[in-house]
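Protein sequence lines correspond, in order, to chains A and B.
Under UniProt numbering, the first residue of the first sequence is numbered 1, with each subsequent residue one higher.
Under UniProt numbering, the first residue of the second sequence is numbered 1, with each subsequent residue one higher.
Note that these hints are calculated values from the structure, not bench results.
All copies of an identical chain are treated as equivalent in the list; a pair is satisfied when it fits inside any one copy or across any two copies.
Subject to a maximum C-alpha distance of 27 Å in a straight line, what follows is the list of computed DSSO-like cross-link-like pairs (lysine-lysine): (1) Lys247 / Lys146; (2) Lys136 / Lys28; (3) Lys136 / Lys386; (4) Lys28 / Lys146; (5) Lys386 / Lys369; (6) Lys146 / Lys21; (7) Lys28 / Lys115; (8) Lys21 / Lys247; (9) Lys215 / Lys369; (10) Lys386 / Lys234; (11) Lys376 / Lys362; (12) Lys376 / Lys234; (13) Lys28 / Lys247; (14) Lys386 / Lys233; (15) Lys215 / Lys247; (16) Lys145 / Lys362; (17) Lys247 / Lys23; (18) Lys233 / Lys369; (19) Lys145 / Lys28; (20) Lys386 / Lys226; (21) Lys247 / Lys369; (22) Lys226 / Lys170; (23) Lys146 / Lys23; (24) Lys21 / Lys145.
Keep in mind the model is a prediction, meaning the values are calculated, not measured.
Given next are the chains, with one letter for each unit.
2 protein chains.
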Amino acid sequence: MIIGIVGLGTVGFGTLDILTKEKERLEKEIGEEVVVKYGCALENPGLPEGVIYTTDFHDVLDDESVDVVVELIGGLTFAKTIIMGAIEKGKHVVTANKALLAHDGQEIFTAAKEKGVNVFYEASVGGGIPVVVPAKESLIANNIKKIEGILNGTTNFILTLMETDNLDFKEALAIAQDLGFVEADASLDLDGFDAAHKIAILAMNAFHIFFDFDKIHTTGIRQVTKQDMDYAKKLGYRIKLIAQAEKLDNSIGIDVSPTLVPMSDIVGNVMQAYNVVEITSDYVENVLFYGKGAGRYVTASAVVSDIMKTHNKELWTHDYTYTDAITPIEDSRFYVRSSQPLDIDYEESYSMDDQYIYITTKQNLNALKLQLSGVKYTLLKVRDEK
Amino acid sequence: MIIGIVGLGTVGFGTLDILTKEKERLEKEIGEEVVVKYGCALENPGLPEGVIYTTDFHDVLDDESVDVVVELIGGLTFAKTIIMGAIEKGKHVVTANKALLAHDGQEIFTAAKEKGVNVFYEASVGGGIPVVVPAKESLIANNIKKIEGILNGTTNFILTLMETDNLDFKEALAIAQDLGFVEADASLDLDGFDAAHKIAILAMNAFHIFFDFDKIHTTGIRQVTKQDMDYAKKLGYRIKLIAQAEKLDNSIGIDVSPTLVPMSDIVGNVMQAYNVVEITSDYVENVLFYGKGAGRYVTASAVVSDIMKTHNKELWTHDYTYTDAITPIEDSRFYVRSSQPLDIDYEESYSMDDQYIYITTKQNLNALKLQLSGVKYTLLKVRDEK
Chain A
1 MIIGIVGLGT VGFGTLDILT KEKERLEKEI GEEVVVKYGC ALENPGLPEG
51 VIYTTDFHDV LDDESVDVVV ELIGGLTFAK TIIMGAIEKG KHVVTANKAL
101 LAHDGQEIFT AAKEKGVNVF YEASVGGGIP VVVPAKESLI ANNIKKIEGI
151 LNGTTNFILT LMETDNLDFK EALAIAQDLG FVEADASLDL DGFDAAHKIA
201 ILAMNAFHIF FDFDKIHTTG IRQVTKQDMD YAKKLGYRIK LIAQAEKLDN
251 SIGIDVSPTL VPMSDIVGNV MQAYNVVEIT SDYVENVLFY GKGAGRYVTA
301 SAVVSDIMKT HNKELWTHDY TYTDAITPIE DSRFYVRSSQ PLDIDYEESY
351 SMDDQYIYIT TKQNLNALKL QLSGVKYTLL KVRDEK
Chain B
1 MIIGIVGLGT VGFGTLDILT KEKERLEKEI GEEVVVKYGC ALENPGLPEG
51 VIYTTDFHDV LDDESVDVVV ELIGGLTFAK TIIMGAIEKG KHVVTANKAL
101 LAHDGQEIFT AAKEKGVNVF YEASVGGGIP VVVPAKESLI ANNIKKIEGI
151 LNGTTNFILT LMETDNLDFK EALAIAQDLG FVEADASLDL DGFDAAHKIA
201 ILAMNAFHIF FDFDKIHTTG IRQVTKQDMD YAKKLGYRIK LIAQAEKLDN
251 SIGIDVSPTL VPMSDIVGNV MQAYNVVEIT SDYVENVLFY GKGAGRYVTA
301 SAVVSDIMKT HNKELWTHDY TYTDAITPIE DSRFYVRSSQ PLDIDYEESY
351 SMDDQYIYIT TKQNLNALKL QLSGVKYTLL KVRDEK
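Chain A on its own, in the form it takes in the complex (with noise of 0.2 Å):
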């Protein structure tokens, strides 16, 4: 497999990276060398040995040995014709560019099929949860009904900020704009158009249909106010940014509205730059894809999946190797109860109806056991902090 890389920022790098670091594993995983053969930005970042560089896409599409061309420059115009360019030449396409997908999609799709090479786009949604396979291939047996998301890190992240630390939205949006959580253009994220993108690639695959973008109904977070969120809160909600698409009688129905979900809800759970995608359908009723929206790795994580994707592999490899190595994990916070004051470290405790109840801080059980000795007591494992 040979791959040119065109875009070498954040997510490019970090695709790079990964294919250098991983080199090895992933050759014997898909039976295949993995050789990236080009980086192709406009400054060179400093690539590793074999790499070429070069300022000129044309080079990487003019190559017939390149089987994959990975698009990571982003925006509606370049990135377009360097993917139109690659399909023509019978190259496979890995792209994250969900504002190009959900503009001209149906003009790429169609391009691609008439050629019979494939465009994949798992990064496109949700960073590197993967969710844009899994619908279109584990969920393949259903109907699906309905698509609800938090697919806006940026956003929940402010609307988290606004929660936790009592803040209205334009000091939430100063704090993350900080951090350097926001687009440069903040209206793709502020006003739900970067979400919009994202349900309209959900809601393609999802519906099987092309349409006009133009057609989603858009409401961003500007409006939300601290006060609302408080109001919302003594009835069990929290405020979301919720992009969703559903089966209607007469139409699709897609939008992206900010709205009240029940803190009992695991989508109201969703905090801080978090993303979801919830799938109900008619055979395995609703599944939820959670993880990280965004970041180099995380995004070049499902770049690399598809990357390997386009290697048509036959069998799944089996190769592992017999352990006898298999212990229970030991180390780990713990739930005590006695009927004793006990001499443990602890982070929390309390007494009550003449019990002692601990959390241990994180130690190990054999350890913590031979403190306990001659104590009668409760023990359980205590989750990792997350």
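Fit chain B to the known structure of chain A by using the hints.
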């Protein structure tokens, strides 16, 4: 694609039903005929026209036209004979048999490799939740560090019932048994062996190892008391049966243990018979898969996706239809706030700081806006109750 289904119980019949109802759509999706030729079981559940009923699995194995054998009888004896026989005959295998793969995975996968066939088993873990395939393919870039999950719906249902209905273990178990939620061999669920089978399969793939299933340290939920649940809750935790596997310094740590999980954590909010799997790795950090872990069509959905996966499809189809009918989703519950009391249909309401706050019943946005004409208000969507 010619399919033989062996085992026509809950999941087997569900699989046959989906393959029958969705035949045309699936054929379009993979570009090949999808034919169920045999249904093999001790009793005939009533097969669709054209499907040959047999009680003898040799009929399926000996028919050279059969490409895929779907093993859904469960257990360690006949199921293994059928799977090994199918592999020997050069047929792909799809199975939901977690116990068999946990015990004899090495033998089965080694035989499959020799014969150049695939054994797929998405349905063996987490029912219909896509997790086996995404972990193996979508996360291919990553070195997986840790897997944690709620992998047994029955015990999670019992633990949820203990909490919500203030019951002790035996009372909740009796209800779960009345509802048919507990396996004939209750120990599989209650003592954690079912969860152990599933974490064994996930660990095998994540860490590329084979090992003896009996080395997994497994503790069930029999000793979980209502009292400890209440004490844990005061500290912000719920008790869940957690299966985990982790790369340790000198071993692979695997165990199944009742564990306190923070209520602020997504995993701590997985209730009823839902399952969840969280995978932590180097590039994509943590991703989480959630859904129903059991049920006829839920599990059959995963079986069908595996069957389709045995067809080595080269290209993704995007044979989608252009549509103009894209609308906002206007039927919803709404949050409405106003400085005057409103005459609208609502589920909940309260007033505070001279503001009147309503969660409306599900209704049409435009109809609601008509009722609010002349009133100054703030309006947001409210997500459907799950």
